[in-house]
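Asks: Hints given; two lone chains; assemble the complex.
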Amino acid sequence: MIESRRAPVWVPAVAGLSLLLVWEVVVRSRGIPSFILPAPSLIVKTLWDNLDSLLAAWLFTIKITFGALLLALLGGVLLACAFALSRTLELALFPFAIALQVTPIVAIAPLILIYVDSTTASLLICAFIVAFFPILSNTLIGLRSADPNLHDLLTLYGANRWQRLRWLLIPSALPYLIAGLKISGGLALIGAVVAEFAAGAAGRETGLASRILEASFRTEIPKMYAALTLVVLTGVAIYWVTKILARTLLGRWHPSEQG
Amino acid sequence: MSAAIELTAVDKRFDKGVAAVRGFSTTIAPGQFVALLGPSGCGKSTLLRLIAGLERPSAGSVQIGGEQAAQRVAAMSFVFQEPTLMPWANVLDNVALPLRIAGASRKGARAAALQALAAVALADRARAYPAELSGGMKMRCSIARALVTRPSVLLLDEPFAALDEITRHRLNDDLLGQWSVQAPTAVFVTHSIFEAVYLSQRVLVMGGRPGRLIADLPVSFDTPRAPALRLEASFLQQCQLVSDALERAKAAELLT
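Line by line, the protein sequences are chains C and B.
Quick note on this note's numbering: the first sequence kicks off at 17 and runs consecutively.
Quick note on this note's numbering: the second sequence kicks off at 303 and runs consecutively.
Isolated chain B, as found in the complex (with noise of 0.2 Å):
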């Protein structure tokens, strides 16, 4: 079950007095995996926070499946720049948590953690720690946990940003995997045009401080999507008409 997202003229300044977003309006149809790419300090990450219901707009609405998004019911997951991983718990633990906090017993939380671990192959390091993996196996493990709740919204914050660029295909390739299987809304911040082209069927391009929506982008190639995409032409293409909307976000930004 996916849920839609619906922002509507959402503005948000902080206490002092600093304007993160302003005027942002649009409407995420469950399912769609949304790229929402722009400068560094655009205000990204803040519109996640706020689709999360972690911040609370200053003025506006955010609506998830038709509910304000503090008090939601739509099962929701985020995915953090760093792992965020608890590092006194083993990988199997970690993952089973949300589960746990729901409610669930040890026994079944951790069966279904393990069958998460096993869809992003790191059912055999169920047992080890955190400070055990490396950098990619520790995100593997953070979209693990994201995904055993089976969310209705994915959130992801930049997570493979930290990562090098073969880890970071692969991670790519078992995100779309994962997103086609359980279908949920997904939004996903990123820095990079070729992530955001790769992994949407839309790319909302921000920009200007506070932040605004610049552009917004339909991409249509088909899903499942192969990595041989990323070598084609059209592709490349994409890849030119968001760059060029993200010097139009530049452009904004100095004229602000």
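Next comes chain C alone, as it looks inside the complex (with noise of 0.2 Å):
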């Protein structure tokens, strides 16, 4: 039998509970220092201790990630549709796409903070270039996937180009778009981590990377765990934001959403 797709939420809830009980129970029974393992309680009260700079660099790395996955969205959104509408669009621009994509972001991040001055900029352009590929790459399979009877109606009825972007190829590349958003909020957070331990930034326009960086300098390591804690935490919002808008808005007619 097939388990329900709307699984209660408390069975994750328990499992997770759980788990941080056993780590919990082991660290305190075995006696092992908190420089090996912290336990989860000593992990929260150094949260709780360093909450002021942890949360400038969590609200920092926030502001990358988002603002990285929405330039995403738009740059990849705005290209596919630009290329979905000209195929010689596409044969120029789409291998200089591929490129970007299959170069690792530690690999370019360097150059990109000789060539930008603004180390934030430079953060957002690292995370934006790891996180578009999936955007642009699914919504062109979306709006290439439309019904081929749909688009001879639409011919039939004489829509123009706007009207079928808007009638059909939209609505159709909706799922696909989802799906690549999925993908790249993950990939957002990364590269905003990923590009932040490249730049090796310090100060005060700083994020969670540059605290764990910080902190394993020190040996710190229950500050390391908390900041990561942080990161985790984004990473599993932005997966629960992407999961909450694929449902309102397939819930009521996409395969992918009904359970």
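Please keep in mind that the hints were generated in silico from the structure rather than gathered at the bench.
Because the structure is a prediction, the values reported are computed rather than measured.
Backbone N, C-alpha and C define an ideal beta-carbon position, used for all residues, glycine too.
Where hints are given, some of them may not hold.
As the list claims (entries may be wrong) - If you anchor each label on the Cβ, the simulated ranges turn out as follows:
(1) B/320 - C/27: 50 to 58 Å
(2) C/132 - B/320: 50 to 58 Å
(3) C/260 - B/528: 50 to 58 Å
(4) C/103 - B/363: 24 to 32 Å
(5) B/482 - C/157: 44 to 52 Å
(6) B/552 - C/98: 49 to 57 Å
(7) B/370 - C/164: 20 to 28 Å
(8) B/524 - C/260: 55 to 63 Å
As the list claims (entries may be wrong) - Quick look at which bits of chain C chain B covers, simulated, 3 or more residues with Cβ under 8 Å:
(9) 158-166
(10) 178-185
Replies: Okay, structure coming up:
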């Protein structure tokens, strides 16, 4: 029997809490020192003690991540629409998009940091480069997968280009776009963190990656875990936002959201 | 307002060199209901697409109301073999689509769509999504969308082929009812001899590869037609005539 997709919320909650409990018990009963593996309670305490600096860094990382994701969404969708309308444009530009996608971001980041004055802007660019390809490529496939009979129907009724885009292409591409967004959401966060590692930035305008780096220099393992916890929470939150978005936009009609 | 369809020596070859239709000529009077019958792959659907202006003839001409099919101003509707509904829009907005494309306001288009849905007894499902409908309901929605523009020409490409017989009979009667109200020129492609004879005033039998016109048979039963007609001896005799022509069409296929 296939399990219901709308599994009750308590299943993952109980699983997560049990894991934390086992972790806590193992660390305490074996007397594992906190510089090797801090107990969850100590991580929470460290988070609380460093709340101001971690919160500022968290906000910065969130800003970079969502800024990059927004740019990726705009850039990816607009470029995909342009490619769908003009085959020549696609032939000319798609190879660049692929080249950008296959080059590891850590390899380009130092160059971007040299060329772009503002560190914030270069981090944004790095995270954007990582995040935009899945949106571009998925949206393009979505635009191309529109029902050929519906295409004929619009031709028969004399629809112009924009009407075709509005009534057929965009809705057809939406499930694909959302699948791309689910991937890109995680990638934007990875891009934001990795680019900051590459930048080795320090100072006020820095994110969680800098806090992790600083803590590692001082072997403050609990603080590394505390910053890492915030990174993980952000990633999970992004996942949930895209999931809710998918359910809201596709819930009534797309098979992927019908459980 | 219905429009005449005039096909003159129509040839259609596709880019890959496949010839689908050869030398097809016929004239369909305004308001006539014609069935286009023939074995699979004989070019029926291609011919319908030529009339719709979705394909250009390689030679010959296709005229609708005296104009080239691709440049016509006459309103034309097409019902596909699949319901071909937008899954992301509800029934009402699906039916309203042709009017929205023509520039109607959302409110006006929806009001007209609701009327068209009422005509196919689907008004109570106006807010449902296509995925929530049965096969027969989806097809009724598709027909409502075709009729909402009050077309001069109505083209149907085996619309009921995938439905069970009970639903098909019901939809045949519904379609005839709608046709008698709006009186568009109708071309109905089908595999079924009984369906062709029951619906139409004239059966065109196609056959051969590339497809040609094999027989042009009038069907003289009165309209509107009652379901009881399906059981009358004269109906079955007419079906026999069409069946004989279809046999000739198949023979033509073997010769080519």
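Asks: All hints, please: hold or fail.
Replies: Each hint, compared with the structure:
no.	hint	verdict
1	B/320 - C/27: 50 to 58 Å	holds, 57 Å
2	C/132 - B/320: 50 to 58 Å	holds, 56 Å
3	C/260 - B/528: 50 to 58 Å	holds, 55 Å
4	C/103 - B/363: 24 to 32 Å	holds, 31 Å
5	B/482 - C/157: 44 to 52 Å	holds, 45 Å
6	B/552 - C/98: 49 to 57 Å	holds, 50 Å
7	B/370 - C/164: 20 to 28 Å	holds, 23 Å
8	B/524 - C/260: 55 to 63 Å	holds, 60 Å
9	158-166	holds (count 3)
10	178-185	holds (count 3)
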